[in-house]
Amino acid sequence: EFWPTKHGYDVNAGGFKAGGPYGGKKYFSPYGNPRLSDGPDGEHLPDRLASDTCKFMEANKEKPFFAMLSFYSVHTPLIGRPDLVAKYKKKAAKINGQEFGDEEQIFGTRPRKVRILQKHAVYAAMVEAMDQAVGKVMRKVNDLGLEDEVVICFTSDNGGLSTSEGSPTSNLPLRGGKGWIYEGGIREPFIVKWPGVTKPDSTSSVPVMSTDFFPTFVKAAGGESKIALDGVDLLPLLKGGNLKREALYWHYPHYSNQGGFPSGAIRMGDWKLVERYEDGRVHLYNLKHDLGEKNDVKDQHGERVAKMRTKLHAWYQDVDAKFLQKKKGQKEEPWRP
10 EFWPTKHGYD
20 VNAGGFKAGG
30 PYGGKKYFSP
40 YGNPRLSDGP
50 DGEHLPDRLA
60 SDTCKFMEAN
70 KEKPFFAMLS
80 FYSVHTPLIG
90 RPDLVAKYKK
100 KAAKINGQEF
110 GDEEQIFGTR
120 PRKVRILQKH
130 AVYAAMVEAM
140 DQAVGKVMRK
150 VNDLGLEDEV
160 VICFTSDNGG
170 LSTSEGSPTS
180 NLPLRGGKGW
190 IYEGGIREPF
200 IVKWPGVTKP
210 DSTSSVPVMS
220 TDFFPTFVKA
230 AGGESKIALD
240 GVDLLPLLKG
250 GNLKREALYW
260 HYPHYSNQGG
270 FPSGAIRMGD
280 WKLVERYEDG
290 RVHLYNLKHD
300 LGEKNDVKDQ
310 HGERVAKMRT
320 KLHAWYQDVD
330 AKFLQKKKGQ
340 KEEPWRP
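In terms of our numbering, the sequence shown opens at residue 10 and continues consecutively.
A few of these clues could be false.
In silico DSS-like cross-links for lysine-lysine, where the CA-CA straight-line distance does not exceed 27 angstroms [what the hints assert, rightly or not]: (1) 128 x 98; (2) 96 x 145; (3) 316 x 253; (4) 307 x 253.
Because the hints were derived from the structure by calculation, they are not lab data.
Given the structure is predicted, the values throughout are model-derived calculations rather than measurements.
Use the sequences and the hints to build the structure in full.
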């Protein structure tokens, strides 16, 4: 019931039960994926998925279509194309300096370090392979004569993996990485090419969320949603305007294998409040002046903390947020807002 084809998609190429190609670490054909036929031996997964997307666009070029392309890259298991790995090993050999720094410790028995120097050859190889695959899709759009009709969006689902599993990348100057509620874990690029709407080479500092994508695409297609949505239509922002949104919210109610702690957060303008679910402690950061979230200023802004925390708790109620459960043998009840 959770396959994409059960939720409005007509085609599912490669989408399987795992969030990555873990069946024998198959980044190369044969893939061992029942949702993806094998290609020639050694065919690279990002290139194959790009090719399938190109075929889909070719078959549907005469009518409106929607294609969501998730590359399984860059993601664990970290396996790159041998030619690109060799290329970046040569580059990495010329880079000197401290590779890792200290990060907040959630469990003393599992000390965490954070990467502060980019020199992971396999990770770099995976980035370039994905970039080449993106280019392949972009060229196909142009070859089909659709460059003025197709909206292209590029983003990621979380920050770079910087605190575990080899810590292959750095998110500096952002703090933390994947699995953390700090900016290194939740801030990603969102790049949009929308002919007639977005201005080339323009940028915006207004934060948006992935929940905004659906209402935006529905509106762009001339539709209307019949259900309540968490996100908002981004068209006003993409046209150079602004958004009428008071706050953004996050809810992460578990420990991550990357070292992060159970927490929630609310952002209002440049202010971000983080609440820890272990004990209810809060931290307040001004992202305009402290993008790295190094200076907790909650003690200087008590009224602001109270206002933001009240709104965050109201949001928990609104979305029926779940929190830590009592472990077997645990005497104290877990914290609740």
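### Query
Going straight from one Cα to the other, do residue 316 and residue 253 come out at no more than 27 angstroms?
19 angstroms, holds
### Query
Between residue 128 and residue 98, is the straight-line Cα distance small enough, at 27 angstroms or below?
8 angstroms, holds
### Task
For the pair supplied as a hint, residue 96 and residue 145, confirm whether the alpha-carbon distance does not exceed 27 angstroms.
21 angstroms, holds
### Task
For the pair supplied as a hint, residue 307 and residue 253, confirm whether the alpha-carbon distance does not exceed 27 angstroms.
The given pair, whose Cα atoms are some 26 angstroms apart, holds under the 27 angstroms limit.
Of the hints listed earlier, there is not a single one the structure fails to meet.
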